[in-house]
Each structure stands twice: as structure tokens, then as C-alpha cells.
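Chemist: The listed protein sequences derive, respectively, from chains A and B. At position 90 of the first sequence (counting the first as 1) the number is 90 in this note's numbering, and the numbers step up by one without a gap. At position 24 of the second sequence (counting the first as 1) the number is 24 in this note's numbering, and the numbers step up by one without a gap.
No lab work stands behind these hints, which were simulated from the structure alone. Do not rely on the hints blindly, as some may be mistaken.
Counterexamples of contact, computed for chain B against chain A with all Cβ distances above 12 Å [stated by the list, open to error]:
| hint | residue |
| --- | --- |
| 1 | Pro44 |
| 2 | Arg61 |
| 3 | Thr78 |
| 4 | Ala91 |
Dumping the calculated DSBU-like pairs for lysine-lysine here, alpha-carbon to alpha-carbon at most 35 Å [as the list claims (entries may be wrong)]:
| hint | chain 1 | residue 1 | chain 2 | residue 2 |
| --- | --- | --- | --- | --- |
| 5 | B | Lys68 | A | Lys36 |
| 6 | B | Lys68 | A | Lys22 |
| 7 | B | Lys42 | A | Lys36 |
| 8 | A | Lys22 | A | Lys9 |
| 9 | A | Lys41 | A | Lys9 |
| 10 | B | Lys98 | A | Lys41 |
| 11 | B | Lys57 | B | Lys22 |
| 12 | A | Lys9 | B | Lys68 |
| 13 | B | Lys42 | B | Lys71 |
| 14 | B | Lys57 | B | Lys68 |
| 15 | B | Lys71 | A | Lys38 |
| 16 | B | Lys68 | B | Lys58 |
| 17 | A | Lys40 | B | Lys58 |
| 18 | A | Lys53 | A | Lys18 |
| 19 | A | Lys38 | A | Lys18 |
| 20 | A | Lys9 | B | Lys98 |
| 21 | B | Lys57 | A | Lys19 |
| 22 | B | Lys71 | A | Lys40 |
| 23 | A | Lys53 | B | Lys68 |
| 24 | B | Lys57 | A | Lys18 |
| 25 | A | Lys36 | B | Lys71 |
| 26 | A | Lys18 | B | Lys68 |
| 27 | A | Lys18 | B | Lys58 |
| 28 | A | Lys18 | B | Lys71 |
| 29 | A | Lys18 | B | Lys22 |
| 30 | B | Lys71 | A | Lys41 |
| 31 | B | Lys98 | A | Lys53 |
| 32 | B | Lys68 | A | Lys41 |
| 33 | B | Lys68 | A | Lys38 |
| 34 | B | Lys22 | A | Lys36 |
| 35 | B | Lys57 | A | Lys53 |
| 36 | A | Lys18 | A | Lys36 |
| 37 | A | Lys19 | A | Lys9 |
| 38 | B | Lys22 | B | Lys42 |
| 39 | A | Lys53 | B | Lys71 |
| 40 | B | Lys42 | A | Lys18 |
Note that the Cβ used here is the ideal one computed from N, Cα and C, for glycine as well.
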Amino acid sequence: DTEVTQTPKHLVMGMTNKKSLKCEQHMGHRAMYWYKQKAKKPPELMFVYSYEKLSINESVPSRFSPECPNSSLLNLHLHALQPEDSALYLCASSRTGVNQPQHFGDGTRLSIL
Amino acid sequence: GENVEQHPSTLSVQEGDSAVIKCTYSDSASNYFPWYKQELGKRPQLIIDIRSNVGEKKDQRIAVTLNKTAKHFSLHITETQPEDSAVYFCAARGTASKLTFGTGTRLQVTL
């Protein structure tokens, strides 16, 4: 079964804190994604990594900083977030190549105080 | 960029009936169309996908049809069951090589 693991499941942080979200997959996928999902809305793409290189940045504010240290791991570093950044942050992965299905993790529910 | 519209936003059917959700897209170069099911508090789960060289695909009670000329695609669920209740998202992958999601359909299957 496909599996993308995200930690932590829940995170509450103040606007001055620094925290990181983590995502891990062991399916051999070389494309990894960060999405943001607000309540009752569809996922919105933030970043795409392909072969550990950033290939798409959807004009995301610099307070979100992605990192792909190796082919299995994807991090999202958070700093000086705003209350409107509260959302579910979803990680996904897929094979590279044309039209490969993306498989999502359970997400991190982030609340900014 | 790609724009995906999805209808209806809510759909209530009785158990055993069929459900149909429709999506339209704007980028004629889009060539991959997945459907995701998201239960409350859970991950979006891929349930079926279709590529532009195919007009229809079926997997048990679920089918997807694609009309490239009209730029629309639909999800059909037959013999609905209470566990089909969830939010369903269509998506399209266009020239920007990223998925654009529809706004979602909340399906409620009643007994």
C-alpha cells in the first residue's frame, strides 16, 4: 500500500515561533509536493520538488521555506507565520514522468495563535 | 493558467442510487484528470484517474468519462453506499505540469 507519512499531526505555534513540518515516503518516488488546504476548500499547490530540486514555487511567501534533504524526505520550515496561515498542510509524492498519480499524506493541522 | 469548475457543490442521494459529479477545465492541453475522495479529517485519496487518450475508464462501481472536445469530465458512482459519503475533488493537469483542483462536491448518501 502507498504511504506518505507526515509529522506532526497537529501543531500550534505563535507568530514568532520557528517550527518544521516533515514528510517521508519510501515508495521510490522522486517528485514530492506541499499543498495547503483551508477548511471546505481544495488543496492548493505550494511547492514541487523533482529529483530533490525545487521545480515549482507557487509564489509562496518566504515565511514558508521548503527543503528536500534526500529522495525520501521533504521538510517545510515555518517562521513568523500569520493567523491566516492556519490550515491543513498536505504532502504528496509521485513517480516522475508524465501524468503520474499523486499520493497524499494525512497532513499536519497547523494553528497559528 | 488552468481553471477547473466542479458541480454540484453538494449532492444528496439515497443508498443504491447513482451519483454524478461534473467538471470542466479551461486548458485544452490538459491531459490527466484524477479524482480524489476526502473523508472528514482524512487525506485526499485517489479513487480513479483518466488520461486524455482514453474516453472512459471504469473500476467496479466507479467510472470516469472524458470529453476533450467539450473540455469536461465526469465521475459516476453506481449503487451508492453510506461509506461513499465524502467530499470529492476533480483535478486537471495542464501545461504548467501541476494539478489544479475543482472546488469539491460534498456527497451525502442517505439510508
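Chemist: Can the restraint linking B:Lys68 and A:Lys41 be considered satisfied, given a maximum Cα separation of 35 Å?
Modeler: 26 Å, holds
Chemist: Does the structure keep A:Lys53 and A:Lys18 at a Cα separation of 35 Å or less?
Modeler: Holds - the C-alpha atoms of A:Lys18 and A:Lys53 are around 23 Å apart, at most 35 Å.
Chemist: Would you mind confirming whether the straight-line C-alpha gap from B:Lys22 to B:Lys42 stays at or under 35 Å?
Modeler: Holds. B:Lys22 to B:Lys42 sits at ~23 Å (cutoff 35 Å).
Chemist: Tell me if the straight-line CA distance from B:Lys57 to A:Lys19 falls inside 35 Å.
Modeler: Judged against 35 Å, a Cα distance of about 43 Å means the pair is violated.
Chemist: Taking only the CA atoms, is the gap from B:Lys68 to A:Lys38 under or equal to 35 Å?
Modeler: Holds. B:Lys68 to A:Lys38 sits at ~30 Å (cutoff 35 Å).
Chemist: Does B:Lys98 sit within 35 Å of A:Lys9, going by the straight-line distance between their CA atoms?
Modeler: Status holds; Cα separation ~25 Å.
Chemist: B:Lys42 and A:Lys36 were given as a pair; does the straight-line alpha-carbon distance stay at or below 35 Å?
Modeler: Distance ~14 Å between B:Lys42 and A:Lys36 Cα, so the pair holds.
Chemist: Under the criterion that the straight-line Cα-Cα distance not exceed 35 Å, is the pair B:Lys57, B:Lys22 satisfied?
Modeler: The given pair, whose Cα atoms are some 15 Å apart, holds under the 35 Å limit.
Chemist: Straight-line Cα separation of B:Lys57 and A:Lys18 no greater than 35 Å?
Modeler: Violated. B:Lys57 to A:Lys18 sits at ~46 Å, over the 35 Å cutoff.
Chemist: For the pair we were handed, A:Lys18 and B:Lys68, check the Cα-Cα distance against 35 Å.
Modeler: 46 Å, violated
Chemist: Against the 35 Å threshold, does the CA-CA distance of A:Lys38 and A:Lys18 hold or violate the hint?
Modeler: Distance ~21 Å between A:Lys38 and A:Lys18 Cα, so the pair holds.
Chemist: With the threshold set at 35 Å, check whether the alpha-carbon distance from B:Lys57 to B:Lys68 stays at or below it.
Modeler: Given that 35 Å is the threshold and the Cα spacing comes to 14 Å, the pair holds.
Checked against the numbered hints given earlier, this structure breaks hints 1, 4, 6, 12, 21, 24, 26, 27, 28 and 29; the rest are met.
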